[in-house]
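The listed protein sequences derive, respectively, from chains V, B, U and D. Its first residue numbered 1, the first sequence is counted upward by one per residue in the numbering used here. Its first residue numbered 1, the second sequence is counted upward by one per residue in the numbering used here. Its first residue numbered 1, the third sequence is counted upward by one per residue in the numbering used here. Its first residue numbered 1, the fourth sequence is counted upward by one per residue in the numbering used here.
What the hints contain is simulated information worked out from the structure, not anything from laboratory work. Quick caveat: nothing in here was measured; it's all calculated off a predicted structure.
Calculated cross-link-like contacts (lysine to aspartate or glutamate; reagent style EDC-like; alpha-carbon spacing at most 16 Å):
1. V:K370 / V:D307
2. B:K607 / D:D97
3. B:K165 / V:D452
4. U:K144 / D:D61
5. U:K28 / D:D95
6. B:K607 / D:D95
7. B:K606 / D:D97
8. V:K113 / V:E25
9. B:K606 / D:D95
Here is what each chain is made of, one letter per residue.
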Amino acid sequence: MNLLSLMTLLLIPLVAAIVIPLFIEGEVAIRRLSKIVAGFHLIYALFFVLYLNPSDGAYQVVQEMLNDGQVWINSLGISFSLAIDGVSLVMVVLTSLITFLAIIASKECIKDKHKFYYSMIFLLQFAVLGVFLARDLFLFFLFWELELIPMYFLISIWGSGRPKYSAMKFVLYTFFGSLFMLASILAIYYCHFMKTGSLTMDMASLGMYNGYPALVQFFAFIGFFIAFAVKFPIVPLHSWLPDAHVDAPTPVSMLLAGILLKMGAYGLIRINLYFFPSIFNFFAPIIFIFGLVSIIYAAMIAFAQTDLKKLVAYSSISHMGIVLVGLCAMNAIGVSGAVAQMVAHGLISAGLFMMVGIIYSRTKTRDIEKLGGLAQKLPVFYYLSIILCLASVGLPGLVGFVGEALCFFGAAVSDAFLTIQLFTGIAFIVAILGAVYMTSVLKRVFCGVMLDDYNEIEPVKPYEFFVLLSLIFLIIFFGFFPHYLVGIFSVPIESFFSV
Amino acid sequence: MELILQNIWVVAILPLFSFLFIIIGQKGFVHLEKKISMYLTVGVTFLGWIFSVFALIYAIQNQGNPFQENFVWMYSGSLTFSMGYLIDELSSVMLFMVTSISLLIQIYSHSYMKEDPSYHRFFAYLSFFNFAMIGLVLSSNLFQTYIFWELVGLASYLLIGFWYKKNSASKAAQKAFLVNRIGDFGLLLGIMGFLFLSYNFWFYEADVLLGFSSLKQATEVALVSTSSKGFFVVAFLMFLGPVAKSAQFPLHVWLPDAMEAPTPVSALIHAATMVAAGVFLTARLYPIFILSPVLMQLIAYVGAITALLAACMALVQYDIKKALAYSTCSQLGYMFLALGVGAYSAGMFHLLIHAYVKALLFLCAGAVIHSLSSQQDMRYMGGLRKQMPVVAYTYLIGCLSLSGIFLSGFSSKEQILSGILASGNMFLFYIALFTAGLSAFYIFRTYFMVFEGKYKGESQVEPVSKVMSVPLIVLAVPSAVLGVLLSWCFDDFVSFGFHTENHFVFLPLISIVIALFSVWLASIFYWDKKKLIDTELVKLPLKSLHRLFVEKFFIDWFYDKILNKIYAKAAYVLSKFDRFVVDASIDITFQSPVAAGKLLNIVQHKKIGAYILVSVFLLVLLCGFIMSILNLIV
Amino acid sequence: MEFLNSAVFLIFAAMIIFSSVFAVFAHKIEYSVLSAVVCFLSVGALFLTLSADFIGASQIMIYGVGVSILLAFAIMFTGKDSPKSLYLTNPLRVFLGFVLVLTFLSVLIFFISPVLDPKSDGAFSSYGSFAAQIESIRQIGTAKFIGRRIFCDYVLPFELLSLLLLAGIVGVGYLAGGSKKDV
Amino acid sequence: MFDVTLIHYLFLSAVLFCVGLLGVIVSRHLLRVLISVEFMLNAVNINFVAFSNYNDLIRLDGHIMAIFVMAIGVCELAIGLAILILVFRKTHSVDADGEYIEEEKWS
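Required output: the full structure, derived from the provided sequences and hints.
Here it is, written out as structure tokens:
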């Protein structure tokens, strides 16, 4: 039992982040070691999947499966306690998988300062894991803020285009959001103390207690929602994402799309939905409209983009909108669909960014007009990118469909608010809009006559193949046997909604 | 027998394995021997065909209770989605038709694609299509149908865009995929609406979610739980799927462009199997559609309009494949017309016959194109009957049966006409008769332009290889005989409860007379040996009509102009809005402190005198203020 | 006697005012320094009329001699290659300066003026009871009394003052001394 | 003519002070600024001495203050001149409104 301790799971990346810059010399050694550490961490995370049979209870209601909590600041009731349940388990495994693949993918994109780069990647992984594992609200906020530092360095040092600008924009944006979160945390922390006299930051007890005055609940919900909306990203607060993606190097934008967007969604489920279900129900129409707008708005803009990476960035905004649709369904199907869509989007957008990275490293340009006819030179790469693009459109047989279908079916049969079926119908336009820009990408980039200056591009390297193939294997495997994915987190969600 | 039915799912899964086997094996040994991928695909399809024969036998024996097997695919919350297969009359007939036609086409395409470099990829895609189509035919519930519905759309996307070097091919593939996607959008919305309406039925009584076996009770529950208008909307959305897949009136634009695909593909997908999927799904959803009479009318009228339009457009096509594509479109319109007026078995019968006939016609066209080294324009053909008699005569059989003169086409068309007559809608009946004449006219026009008269093209005509002509002969048999054989027993085998008896005895006579008259008319125009009337002369009065047909009734123009341009422009405007408003507003908020700083900087300018001036000014102000207070006090 | 007092006061007041105005508005810097010296000396003389002999003497000594020599040195150091004579700054500031300073002057005068009207005269009249001691101060001078006062009551400020002067001397030596290289 | 009372001295020192103030504001030559500052200090001295003379010739606080002011004034002047020379050495001009170009300490 003590073999699987959350603390070690969390601290492995931190230790690696510290050890690598201090004790390891030589670029190849650093890369090899970080690959080993990330691989080990992935396997270790997979052990948790085997250990946590899904029949166990949810996060709050039944006892947590695994919880090692040390009291940290006794006077304020803050304890360094970690816990895991179905939803956070899936997120943890997704994080370690994408970090492992990002490290493999950063073999050629990173030319200098290797030590600093790999330690920043592990620090980022440590922070994101902390967010998913934290059971203490203070801890959640701490890791939420910690994640900004490595991300800033990763974008601004190794980025291209205007790295400093977009890194700063990313940090300021998230920071702006997290101010509201801090205010709401303190609000409920204080109310909980005033009402029950017990000073605690523990998510379970704060969540279970529903004696907060209505006004506090209302504004705390809005505060949390804004912080998570920035990270989500929901349309009005989304403009940091395209810049951050375009200017970040490929592995970093894989991480950004694969994991960081999930933090916003995870927070929305873990805090907004579990703490204030009634308020969430009250806000469901508005949140649904936000989701609707970000789906259609981002999908249309993606079609008009000329920069391939920006197009993929906008497509990920549009797909995260579907997660919102699932959440607003307020029933077990919708929420598990939302989590499935988060995992699906994580895998697919990581794959898409890898694809864009490969194209960029071959043709040194991301402008779609200049690209064309790559299929003749890289036929296998063409087939893999067909699978990736169509997975992002939500083709059945691939994991994208599982997420979308569950979200939309959940919304179709939900009774959250009166006209949810009509909105679901409109929201499902994403199937067409998505197909429009994805097929146009495939047509303009891969098909057609080969432009002459791409004659001597070298074939796709084995490590790039490994990254793409592993992602595509997962996409197809979960597409054909979705129950292995949905089964992990559907039990805790059902037990929340059944209570 | 039981054993075979137990693992009928093998028929569906095996093509998928052969697809993966060819794809993965591409690098390795498959390249050594060209025929391996062909043997693999053909073998799997042959196995499927045998299984389908057994399924047919089973379906004939016990017509009442279909054989069904399901397993849970995914469950979350209260919904459990399951996959499985269902053998009943409809699916067994379709299964037999699909497997037999794809078997013949795969044999044929071996010789057709022999010298094509990506030979293996073609067979991989063909087996993937088989997997999707058989899955669709066998599926036991609506959810699984939707999944395979999209996979079939994907297969057609891959096959149309097979020669991705050609820009037009990839454009056509994208167009096909998008139009099908619109259909899928409608279909899934319809399914979700239907599920919402009949939610508590599925939740408590039914064994399989959205299963076809319990569809009838579910529709009663759904009808009760909403107004007839709401039910019509849901049913209409579901009907949107078949409209896109079978290229009916508003969404038929992708079928002619899909001719960019290699000819065996057009024969398999865009003539026989995939486009028939739309009719198959309408048949499956008949219990739902039948309960909303308005929708039935709509289906009939959509079918009629498509038949008429496509027939007219086929008149003016010079590309042989496009002509055949439009004829498929119009025959599909016929089937929907039949289903719309309630002639369920007539529609399905016509579907079966038409699949074989159209596959035969396409394969003959493919043979012609192949031998004329991919020359598709009929104006450069002619007089090929002497060079390739087999192709010519099989093509003739196909034309005869399609125009409904003697062979199997006659019986199916006659049943449809009597069905329409029985439904009493005379307007539709006249349209049907007129299009029957038109279809006879345009099919024989292609025959005369290609096989009669003297050879107008300049490229040398190679002989047709044996591997190609065998499937033609094999196909010619059912397209000739099948109609007569099955006409008496089909309508009680595949029926939806009621029979349509034709009480107007002269109907067959009229349809034959019309067909013969239009054949004679076609021979006048296009049989240049007996140049009776100069075709240009006739065309003069019909100038505007001719142009209308050529322009495809401006529908293509409409789609391209309105949708494509407006959507692209809106997207461009939106992206600019996003760039200069949302983005810029964020930049402004971040830049404003910097700007404010710069503004304040003006005051610090290292001139001592100015500073003291300001301080004196403030001092004076202060004294003034004090004085005002003093005055007040003093 | 009265006449002599007021005449002397008037003379020195006029000298102070004119020399200070001339010092500020002279075109050439040398003239302004000279008139400044004249002004300092006349202020010294004014102290004498106020029977503040020690202050007057120290004023004449410090300002009259010391400061004028300092200013002369300053001109010599900076005079040689400043081509244009630096006169007044931009006209806007001059005009504003005039306006503001005049208003400030009028405000000062306004505050002083209540003194003018006779009834509040008593506040500043001389103390009757100490007339004798006042008389002796006028004869023997204020130096003795100032010495006693400073070293009895104001010893601490006096010491601080010496500290300040020391710092000033060291500072000036360091600042203006400068090394050979950047002359 | 008329007996010289405290008011006259106050007027005189006010005028002298304002002339000094004006000198500081308008003059461009640094030396003239320093001189004007001296004028202001002297004006203050006049006030001190005048008040001390007219009403407390016993404790002579005004005189002591005058001494202190004088001392500080001279010290300030000395340092002012030192800086003046330093400025002149650095920028070869004693322009009070001059645009001194400081070398960029760090980029």
